[in-house]
Amino acid sequence: MQQSVTDRLKRLIFDRLDFREPPNFTDATPLFNGGLGMDSFAAVELISLIEAEFGMQFDIADLSAENFRDVAALARVIERYPRPS
Amino acid sequence: MTRIVFASPAEPSGASWLINCFLELGVKVAHKPVADAAWRQSATPRDSIWQPDGHGRHRLHPRAAVLKKFLPALTRVDTFQFREDVEVEYVQDLPDSAPAADHVLCFVRDPRDSLYSAFRRMQPAMDYHRFLRFPDPDTLLDRPSQWQLWVERWQALPDAAWFTFEAYKQDANALLRRIVDRLEIASGDDAIARAVAGSTFDKARQAEAQYRPRGGDDTGLVNRSGRVGDWADHPEGRAGAVTIEAKAGAALRALGYACRTPADGGAEHDPGATLSELSAFAADIAEEDLRGTNLPNHRIHRLLENLQRVAQANGWESASRLEALRQRFVEGSAHHFAQMRELLMQQRQRS
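Line order of the protein sequences matches chains A and B.
Taking my numbering, the leading residue of the first sequence gets 35, the next gets one more, and so forth.
Taking my numbering, the leading residue of the second sequence gets 793, the next gets one more, and so forth.
Isolated chain A, as found in the complex (with noise of 0.2 Å):
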């Protein structure tokens, strides 16, 4: 069965990341301050795994807090992309 989006993010920041996954943790937690607490270094980490894994890079337009907000917002700006063939 293929991995939902969020999954696909969850293992990117848990496992790729090596960020502890907290026990109360949602697709709605904060990735930064009072969630997560990622930080820059982490961010353009994050940024760079997800273009390998999905195929795609991101516009810089996109690069925004509200979209970088949680794992939700996140898979939603990613959804948008056309996936490669």
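Derived from the structure by calculation, the hints contain no laboratory data.
Please note: incorrect hints may appear among the correct ones.
[As the list claims (entries may be wrong)] DMTMM-like cross-link-like pairs, simulated, lysine to aspartate or glutamate; straight-line CA separation at most 20 Å:
(1) A/44 to A/85
(2) B/824 to A/52
(3) B/860 to A/79
(4) B/860 to B/881
We have chain A; now place chain B onto it with these hints.
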């Protein structure tokens, strides 16, 4: 297992040379400053810059790859077979109390050289005079006072072994021999000679040239051939030395460095003057100045947080302005993303 704590101030003091020598000798080194930075938000243990490869060897964790800029052994060797009789933890912090270690090793450099070297490495958008007075984000002390505090706190520990950058420059082989003997790390002369040969300035420069950072904020030149007494050849270095001797003269003298300022000639440790300087700094500091320091966002955020606390406690008018300023350095803010967009744009243009 012998545990060694190896401490040096944050300014360029030659510590990377010794760390590289340890790695060349097969000694595992836990690099706390890099681990703290890479895993700031994580519960991963701080020596996790090393990953076991499953066959008794260790490789550097990718998040600590920045160390390849400083340590040529990491470029030369992919996986390390570390000795099991000794382990080193490298720190730059002030000691909380007596560290749980069999030996404490402190490695220092004349601050008139090390602070001037830090200034040239960081390339801040400010002159050296202002750089020296810029407050430490944790203690809010100016740089010479912070250096003095660091020396005083580590000197307060009994039985710490002190070595200097100047001794390394004089005879690296002899110094490494003295250090391993003092720390009871059994090493033959050949091993010492190989470790020193693998840790030269040229080797460090080559490693740095090979290292290609992933992040766009990591492009500064770190390896410079440090010369003893270099500060005296530069007018700004000489002017800075007056400030350093005035504020950190006691620690300089305690370590045997010659000072031109008389022992009682400096305005050392005047809390009133420090507070008044801080108040002026808090009233004047602007976002552009802070960005010009080239400090990472989280360090500037920490500085503003501490400064704001002092401002509130002392009823300074700058408290609310500092809070507004601090918001500009919050990770994940709109402002932070604007900077990141800029950074990625530059990266894409370069590639």
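Do the hints match the structure? See the list:
no., hint, in the structure
1, A/44 to A/85, "15 Å, holds"
2, B/824 to A/52, "17 Å, holds"
3, B/860 to A/79, "18 Å, holds"
4, B/860 to B/881, "18 Å, holds"
The structure is consistent with each of the numbered hints, conforming to all of them.
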